[in-house]
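**Student:** What follows is the residue order along each chain.
Number of protein chains: 4
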Amino acid sequence: MKIKDIILGLVCLNVITLAVIASSPLTCPADLGKECASDGEWKGEFFPGIPEIKHEGPFSKNPLSFKWYNAEEEILGKKMKDWMRFSVAFWHTFRGTGDPFGAPTKVWPWEDGTNSLAMAKRRMRANFEFIRKLGVDLWCFHDRDIAPDGKTLEESNANLDEVVALAKELQGNKIHPLWGTAQLFMHPRYMHGAATSSDVGVYAYAAAQVKKAMEVTHYLGGENYVFWGGREGYQTLLNTDMKRELNHLARFLEGAVAWKKKIGFKGTLLIEPKPQEPTKHQYDWDAATTAAFLLKYGLSGEFKLNIECNHATLSGHSCHHELETARNFGMLGNIDANTGDPQIGWDTDQFLTDIGEATLVMLSVVRNGGLAPGGFNFDAKLRRESTDVEDLFIAHISGMDTLARGLRNVAKLLEDGSLTELVRKRYESFDTEIGAQIEAGKADFEALEKKAMEWGEPKVGSAKQELAEMLFQSAL
Amino acid sequence: MKIKDIILGLVCLNVITLAVIASSPLTCPADLGKECASDGEWKGEFFPGIPEIKHEGPFSKNPLSFKWYNAEEEILGKKMKDWMRFSVAFWHTFRGTGDPFGAPTKVWPWEDGTNSLAMAKRRMRANFEFIRKLGVDLWCFHDRDIAPDGKTLEESNANLDEVVALAKELQGNKIHPLWGTAQLFMHPRYMHGAATSSDVGVYAYAAAQVKKAMEVTHYLGGENYVFWGGREGYQTLLNTDMKRELNHLARFLEGAVAWKKKIGFKGTLLIEPKPQEPTKHQYDWDAATTAAFLLKYGLSGEFKLNIECNHATLSGHSCHHELETARNFGMLGNIDANTGDPQIGWDTDQFLTDIGEATLVMLSVVRNGGLAPGGFNFDAKLRRESTDVEDLFIAHISGMDTLARGLRNVAKLLEDGSLTELVRKRYESFDTEIGAQIEAGKADFEALEKKAMEWGEPKVGSAKQELAEMLFQSAL
Amino acid sequence: MKIKDIILGLVCLNVITLAVIASSPLTCPADLGKECASDGEWKGEFFPGIPEIKHEGPFSKNPLSFKWYNAEEEILGKKMKDWMRFSVAFWHTFRGTGDPFGAPTKVWPWEDGTNSLAMAKRRMRANFEFIRKLGVDLWCFHDRDIAPDGKTLEESNANLDEVVALAKELQGNKIHPLWGTAQLFMHPRYMHGAATSSDVGVYAYAAAQVKKAMEVTHYLGGENYVFWGGREGYQTLLNTDMKRELNHLARFLEGAVAWKKKIGFKGTLLIEPKPQEPTKHQYDWDAATTAAFLLKYGLSGEFKLNIECNHATLSGHSCHHELETARNFGMLGNIDANTGDPQIGWDTDQFLTDIGEATLVMLSVVRNGGLAPGGFNFDAKLRRESTDVEDLFIAHISGMDTLARGLRNVAKLLEDGSLTELVRKRYESFDTEIGAQIEAGKADFEALEKKAMEWGEPKVGSAKQELAEMLFQSAL
Amino acid sequence: MKIKDIILGLVCLNVITLAVIASSPLTCPADLGKECASDGEWKGEFFPGIPEIKHEGPFSKNPLSFKWYNAEEEILGKKMKDWMRFSVAFWHTFRGTGDPFGAPTKVWPWEDGTNSLAMAKRRMRANFEFIRKLGVDLWCFHDRDIAPDGKTLEESNANLDEVVALAKELQGNKIHPLWGTAQLFMHPRYMHGAATSSDVGVYAYAAAQVKKAMEVTHYLGGENYVFWGGREGYQTLLNTDMKRELNHLARFLEGAVAWKKKIGFKGTLLIEPKPQEPTKHQYDWDAATTAAFLLKYGLSGEFKLNIECNHATLSGHSCHHELETARNFGMLGNIDANTGDPQIGWDTDQFLTDIGEATLVMLSVVRNGGLAPGGFNFDAKLRRESTDVEDLFIAHISGMDTLARGLRNVAKLLEDGSLTELVRKRYESFDTEIGAQIEAGKADFEALEKKAMEWGEPKVGSAKQELAEMLFQSAL
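Residue numbers (this note's numbering), protein chains in the order written: chain A, 1 to 476; chain B, 1 to 476; chain C, 1 to 476; chain D, 1 to 476.
To be clear, the hints were calculated from the coordinates, so they are not data collected in a lab.
All residues carry an ideal CB built from backbone N, CA and C; glycine is no exception.
Just so you know, not all the hints are guaranteed correct.
[Stated by the list, open to error] Simulated crosslink set (SDA-like; lysine to any residue; CA at most 20 Å straight-line):
1. K459/C with T387/A
2. K212/C with K151/A
3. K243/C with G330/A
4. K442/D with N173/B
5. K61/C with E169/B
6. K459/A with G201/C
7. K442/A with L238/C
8. K61/D with L153/A
9. K425/A with M242/C
10. K243/B with L422/D
11. K459/D with D444/A
12. K425/B with E446/C
13. K61/B with A411/C
14. K450/B with M331/D
15. K459/C with G330/A
16. K212/C with E215/A
17. K459/A with D388/D
18. K212/B with A447/D
19. K243/B with M331/D
20. K61/D with R244/C
21. K459/C with L220/A
22. K243/D with T420/B
23. K151/A with M453/C
24. K212/D with P458/B
25. K425/A with R244/C
26. K442/D with L299/B
27. K212/A with M453/C
28. K459/D with E390/A
29. K459/B with S156/D
30. K451/B with D388/D
31. K61/A with E421/D
32. K151/B with K450/D
33. K243/B with R327/D
34. K262/A with L238/C
35. K459/D with L153/B
[As the list claims (entries may be wrong)] Stretch by stretch, here's where chain C covers chain B in the computed footprint (C-beta under 8 Å, at least three residues):
36. 46-52
37. 293-306
38. 350-356
With the rest of the complex left out, here is chain A (with noise of 0.2 Å):
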């Protein structure tokens, strides 16, 4: 027995807000008192007990402190922040309510239990007083919860031009997007999908949406573009055509390419797998389905990925064993930075805190390069019952800061060598003259043959896995 999607907005809303509105207009409740101003605007700051979060080492037993991430610190001939690039994810941090199986649980003070623009706006200053005090210069966010849905899309279109043009100014010379994207998925409108839906009125809604968040995103600087495809896929393939979708599908991403070309847009595209929630089948799968999907259809030039770890594990894949798979096709791109509990079927979206997942996720990105125009994005969330408005702060330090010591436990990994040099020595004999023309692909079947005649029974080594994780264990 399960209620979890009893109208749960309508109904809830009233549980909490019923009060609020029955008596109010849509900006400003009646009940925050004296932080709310005349005008609906908030006065001081949001996060009035929090510092500017600073590094105090290890040792430090103070929670709103960094103890690994220094973001000046020079690691691996990089500074932390220009390895990780860290951004906040604005949806979760302040759209976020909970899980979705009940009603939402976080009030914060700031908000009126309403959805108008005044709302928006002064969620948006908020935003920015989080970035400040947590000390990055990146954030990420979806058009529809920065700002409302309108009544028309023209309507939608104007409230998010306001919305944007105050972000922009709140902004100022550091701080721009990681990127943006659409939101294609929540709106009952995008239920059989956005670009795959079986509604060609949806099809073009949807290209207008993404027209629109393009232009947005590169307005304020925007270095990057993402789709997640949240409703591209199917609930059962009884009544789907899956070839027809998927060739919309491509259909769509090749009107986003021209589009950005026109726009001059020089960000990159990113698409963002998932194998399945909401729908049973996405079609993004995971790296190597959207990898096969991009080849397939001509668009692998234009596109690289947005890897999460969370939906790296749903896949029946380690988080690591996906970036290793977007590298392997040139295409890592982007991190969302979450983890999820290996016992649980769906997305938790937690904040990742597993110091040997995170020494993992970082071996990809040093051998990345970095990850750059990318980043890291927290698609994380607090839990539904984590209800102080500290515990943001706590989430993001305990994620970032779980990150930089697996960056720190990187660079020990490879001072000491020993890891990398178990793997040199295991493909060893390929580093010979038969070698080089099994690679060159000049050692046909028959010499191979006379070869492995010749050569009688191969001595095969020990693949050492047990002093491979030993090792790597002595580096955290």
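Dock chains B, C and D against chain A, hints included.
**Tutor:** Coordinates of chains B, C and D only, in the frame set by chain A:
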């Protein structure tokens, strides 16, 4: 990336029903026109195009007919309706809106976008029209889905009383609840659990809510009362005192037993196991875990189990396994007749349409001599993309027909007898003197060793699994 | 395809039949008495009690008859046997011994406990008696399960030649291999992979083995040649150079293509995806991953896919999904007709007996216009506990009947036409001028935005999933 | 615990070392030259290059040293060796040959390719050299892995007695078994189960085998006796009488308890839960299921649990969950210290090297006040590709160091105290008068309702999960 929890409620409500909220009294939306009388009551039928559903046999092409379910037909010595005891679940059918990963998609004509008391009553009228047209006699409900939360517990209770009074009237002589229950998982107050909340105030509130829900279930003539611990579990052991929480849960259930006796409620108390979702781990993980808990706390005589097929598979078991496990503990009380997707790790609550699965379910039911005073409730919901009113009927018909077909298959299987005989023969070496001694606990290890030496190497026969599968499939 | 229990089994028989081994020449066990002539050859039938299996129709109670499969009957314009193209898999049927978690349980009467050449020939005779009694025309094999490893590659090749010569003779005019393949995963030399081994000597050895296996497949009139990369993957990325391994795999497959052309083999080259087991990750994870690999290395024109249902589910997909994915890539070539257990995380290779699943499988086959020159092979084995000789027949009959029933259901479904029509209607908004422009890549984002504004909010219809399921189930 | 690859392996060596077998007496292979004396005994060391393993501290680069485990060092009031009580598992270390999906890869120098009694004794000598060099005092075993099956039970018992006599002598004063057990799952006779076999002869045989295994465990000074029901479960319910099988299992365990008392064995009887593999469902699925079974049959006072981490994760639980569940039932007796792969659905039995996991495991151990008379056994095996003798040492060192590091982390965590305090505060509303009444079962629903109305809406605090995770990670 995923936004499944972006204040679903707040935002999406506004999108869809903005005009309604802004411009109308809370009960009768302006745009529903003529069906809505001046006093806010619905006029005429809620399902105007839908007739009473009739049995037309397996060759009918009419989706709005039963092909296999024939309520009055006798099978294996009982009327089909008495084997099945189908009930309509109010929450999925009347409050369900899709999946938990997006905004609601269903806007039934009779809904006015509010959670008002007047709307609750209108919805209850729709419920009984649905039940009657479907041709069943039972329904089931949570307190908070039939009546809105008030600002206080007293007000909530008053709301509930008002709706329950109407339901009592609408029930007439024939219809009554299979079971009632309290919704102790959606509201933010229950985010840490109800009986297992870390907060004593929540424990008390939950007790009060269950007390009331038992009373109204009793008042309506309900035959059972269900406990589903949607938040009784943990998200992480790091912040959890599991032992203390389990003790609280036992105390809570003792309290419920005492209250049941005090008010003279004779119905069965049922616990519904579920392994996880919303929490990482729920205390009533599966049938065996729940039995262990009840046995440990001396409660096993007071409760039976309500087995849900989708919960079974999420816990790593087949549905048939959970049903048989419950039977072995003497605890099979009711069935939530739904199904999941074998490749999906969350609770999809689909209508069961797999014939083989339905046959296994009915095999357990027949072996149990039926389920009364329990029965089947459709803890199953329309897919988010299914938005026609007729889909509600099609889904229920399909689910009922599938189980009915399962029952017919069981009859074939038992009448043929080959599978029963295969199993009997498999164990016949225990139908001997030494077998009887073993089963009576009278053969000790020394005696058995002597036998083993005397007998020499046992001859072990084939398990005939492929033949068993062939016999089973032949009955489908 | 998987042999994990083949050689293991037979060889391990030694434990059990030590006396036999100790006291006898390697080919004819002392205790088999009269069936074993003085020259070590088997006399009379291998399956003395088993007649040729006939079609007796769905009401037959005879387990040794076909209820649904009727080889010469025409369905949807083709004989059943031409739709199905069933083949017997030598490894499971004649070398399978149970499950990988215990000692072998099957001791077929004709086995003498050795892996000798003489025993290999006797076994081959049993194979053809089995094939003929079952009434099929095709079989499939690995090199090392039909003939024993020698001390050198030359000796192994000679052993293979000797057995193949006999097989050629026994085949007669009607029978030939659906496909052949080389076993590159059981022997310790392949523990790090074959084409992806870290050892160049193993790469050469594997090339020689595939060269020979292609030759004998060609010689026997095989219609396809299969690659299953049972050890082509990794156990941990810590000790693995994934990029180098993938490059080696591509070179290896290029070599195979060249050799095929050189010897004039016209058969299809097939790759069989499997996600994992024995390794943590196998490079041919699923259909899409394999397609990505082939596309990346320019090999997509040379290979098709052999889809196995149990591998599909282990990779997180339904079997139908994998079949349709292969079709979308134009790569559906053959089907390993087995099934797994939805609650089990390893490859159980059971005979498929689920009617719904079989109907979906046959739906893909029919849409593909059949599978020829591919077909179905039973990559399915008796359960470890099934130890009667007749169980071999019962299992195959059950598997063939289930797929035959699936084909009959597809015919019903297509003749009824309702489901096809439901899907056609769902997409009909694309059967318009603007739809055609989109599908032709002629509608850019500006034009689409204009349309979106002109049209306003799209009206999105119900996906009718429950109706689709009802229509599907009605055909079963 | 699982032996799936033990006998299989050694025996299957025959394939590979056929020449050896053919030409030599069964105990001393021709090619081992000088180490093998004329009487078939091994001369000199089995592990000639390996010194006694010493603690060298975390900065040592020597793989053959302990970095974290320091046997005599005191932590939290106890010597490390007393917290850990490490034991070497004979089966994995001396009979393991790889994974169950291919032929054995390990050919230890002292193995002669036979399963003879002489070889068994030589192997036992290797075992004690290994134990001494590793620096532990405990070992554990199954009957059939230390001594070969005979042709009759009497002969098997005699073989066992002979090897056990040697083991007794080699043990000296310091070493003894942590536990012994009977192998009731590999032999074909147990294919339908042992205590739950459908065959009465098998039940008797199993009883005789357990009787003997308890006797030799007692004779060797074993501190515990373990039951792992490797085939006590079902493959399909279609051919299974689950109720009868469970009753037989209960009778069997009663018999074991009686026998234990009769022979004066004071050790703990342990049951090891495992959800599945080899069977689809095993009756001792997880800790809670096993507790339910024991409670139902009145056996809960006589048994404790042996928790294996890899079994925990296969059953859908974290290892920490299973440990805490066992503790809650008062049943935590021993730990199989291994780990699985979070993306793999079978039992990989890897050495645990995850520091976070090890810290959680040790947290349960510390809370339990240690495990004695239980301890840790390494139910972990080398990967199939790890074939150097030194890999055996590296793996054990790595596993021991990881748990030792876990223990050190627990000490840090407890000394810091912040996490403990966080949990205490979370529940402090129950440390009140009303809380005490609830916990004493003295607050009925009427009283609680009154309180709930008096208190109004509860204020529910944040669960601080992210802070808890930060505090936990800081201790690593």
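**Student:** Hints the structure violates: just list their numbers, smallest first.
**Tutor:** 1, 2, 4, 5, 7, 8, 11, 12, 14, 15, 16, 20, 21, 30, 34, 36, 37
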